[in-house]
Amino acid sequence: MLVIRDLMKTYSSGVQALKGISLEIQPGMFGLLGPNGAGKTTLMKILATLLEPDSGTAELDGLDLIAAKAETRKKLGYLPQDFGLYPTLTAAQMLDYFAKLKGVTDKKERRSLVDALLERVNLSAERNRRLGGFSGGMRQRVGIAQALIGNPELLIVDEPTAGLDPEERARLHNLLAESTRENTVVLLSTHIVSDVSNLCSNFAVIRRGEIVTATSPETALAGLEGRIWEATLPREQVDGLKASGQIISTQMAGGRTRVRMLSKNGKPAEPFVAVTATLEDHYFIVVNQV
Amino acid sequence: MAGINSVRIFLAIACNELLLNSKRVAPYVMFLLCGGNALLWWGWGPATGRGWATNSDFFIAGVLPPFSFMTLPLFTAVIMADPVIRDFRAGINPLIFSKPISRAQYLLGKFCGNYFTLVCGQSAFVLTLFVLQWVSKQGMIIQEAKFFPYLKHFLFFVVLSHLVLGAFYFTVGTLTRNAKIVYGLGVAFYPVYISYQIVFLKSLPSPWPTILDPLLMNRRNLHSTSVEVINRLVVTYDANEIINRALMILLTTICLAILYVRFTTTERSGTVEKFSVLNLSTAAERVYYPESSHATFVDQCDYKAARIFAVPEVVRVNKGIRAGVDKLIAALGVEFSLLRAERSLVVVMPLAIFFSVLEVGFYNIPTAVSHSAAYATNTAKLLLLFLIGIVVFYTGEAMHRDREVKIEPVIWSTPVPNSVLLLSKFLVTIVLTFSLMVVVGLIAIVIQLVRGHTPVDVSAYLMIYGVVLVPGIVCLAAVIVAANVLLRNKYLVYVGAVGTGAGLFYLYSAGYNHWLYNPLLYNLWSYQDLTSARILAYRLYYLILTAACLAVAHLFFERRST
Chain A
10 MLVIRDLMKT
20 YSSGVQALKG
30 ISLEIQPGMF
40 GLLGPNGAGK
50 TTLMKILATL
60 LEPDSGTAEL
70 DGLDLIAAKA
80 ETRKKLGYLP
90 QDFGLYPTLT
100 AAQMLDYFAK
110 LKGVTDKKER
120 RSLVDALLER
130 VNLSAERNRR
140 LGGFSGGMRQ
150 RVGIAQALIG
160 NPELLIVDEP
170 TAGLDPEERA
180 RLHNLLAEST
190 RENTVVLLST
200 HIVSDVSNLC
210 SNFAVIRRGE
220 IVTATSPETA
230 LAGLEGRIWE
240 ATLPREQVDG
250 LKASGQIIST
260 QMAGGRTRVR
270 MLSKNGKPAE
280 PFVAVTATLE
290 DHYFIVVNQV
Chain B
-6 MAGINSVRIF
4 LAIACNELLL
14 NSKRVAPYVM
24 FLLCGGNALL
34 WWGWGPATGR
44 GWATNSDFFI
54 AGVLPPFSFM
64 TLPLFTAVIM
74 ADPVIRDFRA
84 GINPLIFSKP
94 ISRAQYLLGK
104 FCGNYFTLVC
114 GQSAFVLTLF
124 VLQWVSKQGM
134 IIQEAKFFPY
144 LKHFLFFVVL
154 SHLVLGAFYF
164 TVGTLTRNAK
174 IVYGLGVAFY
184 PVYISYQIVF
194 LKSLPSPWPT
204 ILDPLLMNRR
214 NLHSTSVEVI
224 NRLVVTYDAN
234 EIINRALMIL
244 LTTICLAILY
254 VRFTTTERSG
264 TVEKFSVLNL
274 STAAERVYYP
284 ESSHATFVDQ
294 CDYKAARIFA
304 VPEVVRVNKG
314 IRAGVDKLIA
324 ALGVEFSLLR
334 AERSLVVVMP
344 LAIFFSVLEV
354 GFYNIPTAVS
364 HSAAYATNTA
374 KLLLLFLIGI
384 VVFYTGEAMH
394 RDREVKIEPV
404 IWSTPVPNSV
414 LLLSKFLVTI
424 VLTFSLMVVV
434 GLIAIVIQLV
444 RGHTPVDVSA
454 YLMIYGVVLV
464 PGIVCLAAVI
474 VAANVLLRNK
484 YLVYVGAVGT
494 GAGLFYLYSA
504 GYNHWLYNPL
514 LYNLWSYQDL
524 TSARILAYRL
534 YYLILTAACL
544 AVAHLFFERR
554 ST
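Protein sequence lines, in the order shown, are assigned to chains A and B.
First residue of the first sequence? That's 10 in our numbering, and the numbers climb one at a time after it.
First residue of the second sequence? That's -6 in our numbering, and the numbers climb one at a time after it.
A portion of the hints provided could be inaccurate.
As the list claims (entries may be wrong) - With a cut-off of at most 27 Å between alpha-carbon atoms, the simulated DSS-like pairs for lysine-lysine come out as follows:
#, chain 1, residue 1, chain 2, residue 2
1, B, K312, A, K84
2, B, K312, A, K78
3, A, K84, B, K399
4, A, K84, A, K116
5, A, K251, A, K273
Hints in this document: simulated from the structure, not taken from any laboratory.
Here the structure is a predicted model, which means the values were calculated and not measured.
Work the whole structure out from these sequences, hints included.
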């Protein structure tokens, strides 16, 4: 289990990125949702031993991630949000190198590991192609493959689907879901709500360096049962409704605005109708404090 | 109005090229080398020995064609090879070509911007000579300060000579979109030009050798004229030389016209990703989903209940010296392969080899002890400057490459010790410099055999390279590694290293030469005393300093994310 207690981080520029984050994360896939600049990447970097927090602790099954960095790296798989690969190496050479750095010394084992990973990420045919010619999605898959080397106990994946097309996103969802073992803690940071609803059994929402909610998708949706309403209205009417502070989200459609609303006191005025709550509703409610 | 707008677009492209080049290392290296070259011509060139004034019209016009020949074709290739390739490589081409820009504006803007950068780098030579008019040296004659001859001769003998070469390289680079071909042509320039001179131009009657020589190296030789006449001589250009320059401009125009006609802004067909179906989730079962079924698939797929794919279990060894050595060897292998992919090496290595063996190949070297000792001493001295440059710049590149390609967080999150990360960067430069020494040594031995300066004494080479070059270079590499760790900015290290090097060279030349701050033993050794206890003590001191620098680097190295 990953236990994070009162993690705080303020950058030298004065930006307070984390304001006392506390989380208890069981093995399995855990989603960390939040808007850009919420502090997700800072938290990920601290857990990946790449950034020193000002205070607080983080332990993985009793191992202090902040103090015992060398030990932590032996149990870690990390895919950063924005990463590169040596463009002149081939996919197989790159993975072989990472395997060596992770301590896989046996040549035969390493070769079969690289083969299996390339097969898994569907890059076997590209194994001898230079990484410089890879698309964003293919690079991301190499990134996932390197993170999986050595069956890490803590897998940190920072915004893996950002900038990918739907097809590549689905590929990565599959890969993450199918490649993680039962005792592995997978921390998936994202600002795409569907990533969490598709993959994670639990998630937290982080906003301005603070955890605003930590729950499971089912519990989050159950809490909104019968409280989400939707209507398509002319624009002028929407402005009036916004003042009420109950609007969750609006979307323009055919010159009119589709409005989703949270009503704690039964059905709002016509023409609102009850709709099924989504995780996106929950996200907007906690992030915008509706 | 449209005309003014066209000029504005052309200027915007040209200025952007200047901006891009201002962030590259090559123009600064070129500037420094050209300035250093001028310093050598001024202080140690033929003028001092023969009594020519170092700012006489004759001297200025006389040194520019050989200067133009020596290293400039390579720099012309480096600067002019990839201005257009860079846009395609960075993927910015669709953004540019979707704007209302004509091919002429784009190509001319690129060419002029980069050629101006090249000229700025070349101008370091005449600027240094110009400034040195106010510096005097024993036995040197300096006339009243002047400005116009520097500008005039530079434009005539250097800028116009390289215009056609620049246009040719630019055309080849742009049309092939392969910078390595241009670098190859840059290196090939020397044998081709020398053969052209010897085989073709020498056989032609006057005035054709002048008219057809792109670098104007076949000008009238006045070396036997009296010093008084030479110092009063005002160099003018005869009709043949002017025809030659007009011919160069014409050839440049033809080159650029061919480029304009042949250049297309379209993407070239490359290898595209072969799979466009959702096959990843079903890789094991080999059931493929057509593209159209994607939405349904995503809606229906229960990722959370997905089958666990087992990554093969492997034994991981992360403790002990053996594990560290294995990781070091792996890191060194990758670093070396990345170093081999550095495009500048294609130019730097042949250049270093060529200039290191130039004197032993074409001149008679004074022999005090043996031919081998003389050959090894000469090549070691000439090699030194290149070794210093390689250590400073390639160590800097290796130290910061991981950050630049954004692989640093991935590598830093693996259980690899800091010592492995640092030593791999340090050792890769050492391996590179050792390879260069071995190649130069072998070529010198071959030249020795070809010229009949036998017997070959390999131990002389081993002694000189091993005692003088190796410890000095190892120490310098360690200092540069430590400086890169402490300053965390390669450009700061470059500036610091070049400044310190220039300062130390000045101190040594001014007589303040002491082994305590002379790691390369510049002017502090002779072949006879290489095995003396004194020299060996100096080398031990620098090896201790190497260890200290590496320890400092290790101590202050932090896996600090930005």
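Here is how each hint holds up against the structure:
For the proposed pair B:K312 and A:K84, the alpha carbon gap of about 14 Å is at most 27 Å, so the pair holds. As the CA atoms of B:K312 and A:K78 are separated by approximately 14 Å, the hinted pair is consistent with the 27 Å bound. As the CA atoms of A:K84 and B:K399 are separated by approximately 22 Å, the hinted pair is consistent with the 27 Å bound. This hinted pair checks out: A:K84 and A:K116 have alpha carbons roughly 21 Å apart, not beyond 27 Å.
For the given pair, A:K251 sits about 16 Å from A:K273 by alpha-carbon distance, which is consistent with the 27 Å threshold.
In summary, this structure violates none of the numbered hints.
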